[in-house]
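Place chain B on chain A using the hints.
Those protein sequences? They're chains A and B, same order as listed.
Quick note on the working numbering: the first sequence kicks off at 1 and runs consecutively.
Quick note on the working numbering: the second sequence kicks off at 1001 and runs consecutively.
Bear in mind the hints are in silico, worked out from the structure with no lab data behind them.
There may be inaccurate statements among the hints.
Unchecked claim - Straight line, CA to CA, 30 Å or less: simulated DSS-like cross-link-like pairs of lysine-lysine:
1) B/Lys1280 x A/Lys304
2) B/Lys1280 x A/Lys109
3) B/Lys1280 x A/Lys269
4) B/Lys1233 x A/Lys109
5) B/Lys1228 x A/Lys109
6) B/Lys1280 x A/Lys370
7) B/Lys1137 x A/Lys347
8) B/Lys1280 x A/Lys246
9) A/Lys109 x B/Lys1137
10) B/Lys1280 x A/Lys347
11) A/Lys370 x A/Lys334
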Amino acid sequence: MNIHEYQARELLKAHGVAVPDGDVAATPDEVEQIARRLGRTVVIKAQVHAGGRGKAGGVKLAQTPEEAREHAERILGMQIKGLTVHKVLVAPAADIASEAYVGIIVDRKTKSPVFMVSREGGIDIEEVAATNPEAIVQLPVDTRYGLLPFQAYYLATRLFDSLPQQRAAAKIMTGLYQTFIDAGASLAEINPLVTTPEGEVLALDAKINIDDNELFRRPALEQLRDETAEPEAETQAREAGLTFIKLDGNIGACVNGAGLAMATMDLIKYYGGDPANFLDIGGSSNPEKVVNALRIITSDPNVKVILFNIFGGITRCDDVANGIVTATQRIDIKVPLVIRLTGTNDKLAIEILEKAGFSATTSMDEVVQKAVELAGK
Amino acid sequence: MSIFIDKDTRLIVQGITGRDGSLHTRQAIEYGTQVVAGVTPGKGGQSFEGPNGVNVPIFNTVEDAMAATGANCSVIYVPPPFAADAIMEAAGAGVPFIVAITEGVPVLDMTRVYRHVKDNGSRLLGPNCPGLLSPGKSKVGIIPGQIATPGPVGVVSRSGTLTYEVAYQLTAAGIGQTTCVGIGGDPINGTSFIDCLAEFEKDPETQAVVMIGEIGGTDEQEAAAFVKQHMTKPVVGFIAGQTAPPGRRMGHAGAIISGSAGTAAEKMQAFEDNGILVMKRPSEVVELIRSVL
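Chain A extracted, bound-state conformation:
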């Protein structure tokens, strides 16, 4: 789960990380009030789950409260990478002497959270990683012990040369690590970590992604989810226990298992078609899931054909076939269905489907070719 910058700032602040003053706003009025309270040049930042906000015109400086209001009128409601901006963060524009990078991510290789710090922070950090990887210092943390004080200080010394700044940065490292653990994060990033001309060290921008699997024990964090920041169909799918990603093609796909779903999309492309979605219905033959899946797929007007690809392992193919029959009785489907079922009880399943007027096959290649053909018509 992604959370917004303004929410990440709150979490960091609660763990003693120095962040600039500022507040979140949803209307130009609120923006003007916050700018007035801050009483100096402010930055207005669009709160969306997308990178490249600055380049898209979603980050603006304003000298006066009136100017802040004007920018807010433009930014609120604008689209950035297909996402509508509903909120902005208003913060004092910092005078920046230097920009560093601090990030923590769970790393597959070391099987630990790994700190990454660099003196060369800012928007080009990935460029630094590609061209000058030595400029990024990495440190895996053993979660059984946590980030030890000497490790926090070590990381700080990689970023700053003056003792007061090293001490301030070490405190930020500790706070960032604690935020990461307490939030059940998979990623936490401060970029840039700036110094001001007065020597202050501040977290100017923050990103935190939370591991969805941690939410069951963090109901307060679940409240931070912004459902307006994801397509409606994806919200519906999540609530129905399905994994769904909308795509641009016209072949609606319903598959059990993520790997098989990806392989099905690949095969659709292989035969010259274009998938309308990725949908994993999981390992259950519950007709309710099939109904929900069909509802979500058919709500996309681009869909010209619906492809089922089910491997019956523990899930019995005849159960799924019955699910499809029930589901199609309950919702009106105006596009053709092509069905592939293979594995446990596949022959019985095909009989059930044929009796209900559907045709079905056991071959994945065959069914995908048929879907591509129907979608092309």
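Quick look at chain B alone, frame taken from chain A:
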């Protein structure tokens, strides 16, 4: 022969009385797996009635189950909030091979579990995996028995149903398997592609290996390099997600840490560069395996 499990596998089921645990325990017993104990806190002293007249004694703790039965493997079906603890309990009780089926284990839990398991000298498969199946010998986990048949091919995969798909295509073509292993798709798992490839290389009955990867991470690239350096047996590979769209990614840390976008194209190239035959569609597995056997 086979890898990790065989006829001598003596299995403990952690979470044997739960919905998934009881269903799959029945199927495992029907398949011929020796299920010697179940563990459910509070139900110690009771027994689990399996098919074919098999009665499995239930214990409160893995420690008790080990002491009474001398099992050598444990499978975990307990729900996500308790899965990490269950794995650590098994490792602490000295179970040498632990298979965690549970999906949805928090990844930070796994950072602790991984080290604990290593310190205790156990091997963990999973979590979020379908387990493994040595056809005709033993089945631990949820891979359906009927899709596989004994034979010379080792199968290792990150994905569940795609493993079934490939095993089934092989079986339908009359090509059997030594062991089918699902390593699971979570960021931190106990057993890697490389661990399985090394075992298949050592196993005298395995003549060829099918490796099924996915987009994301660099495990497949590392496995490809291992194949070139350490394997004499032919390997056939597949990568799912060739056409997956790039995610709405935030932050930079992912790209920095791996130095790779983890695309299917990158992985397939790594396969080809290291002498692995690449299938473009799952159905090509039969033709490619025939060409190397």
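Tested hints:
At roughly 26 Å between alpha-carbon atoms, B/Lys1280 and A/Lys304 fall within 30 Å of each other, so this suggested pair holds. A C-alpha spacing of about 27 Å is found between B/Lys1280 and A/Lys109, which places the hinted pair at or below 30 Å, so the restraint holds. Proximity of B/Lys1280 to A/Lys269 is assessed by CA-CA distance (about 11 Å); at most 30 Å being required, the pair is judged to hold. For the hint pairing B/Lys1233 with A/Lys109, the CA-to-CA distance comes to about 26 Å; that is within 30 Å, so the pair holds.
Between the alpha carbons of B/Lys1228 and A/Lys109 the distance comes to roughly 20 Å, so the proposed pair stays at or under 30 Å and holds. With a C-alpha separation of about 19 Å, the suggested pairing of B/Lys1280 with A/Lys370 holds against the 30 Å cut-off. For a cut-off of 30 Å, the pair hint linking B/Lys1137 to A/Lys347 stands: about 27 Å separates their Cα positions. A C-alpha spacing of about 24 Å is found between B/Lys1280 and A/Lys246, which places the hinted pair at or below 30 Å, so the restraint holds.
For the suggested pair A/Lys109 and B/Lys1137, the alpha carbons sit about 33 Å apart, so the restraint of at most 30 Å is broken. Using a Cα cut-off of 30 Å, the hinted pair B/Lys1280 and A/Lys347 holds, with the two alpha carbons roughly 27 Å apart. Pair hint A/Lys370 plus A/Lys334 holds up; C-alpha atoms about 17 Å apart against a cutoff of 30 Å.
Hint check: a violation occurs at hint 9 only; the rest are consistent with the structure.
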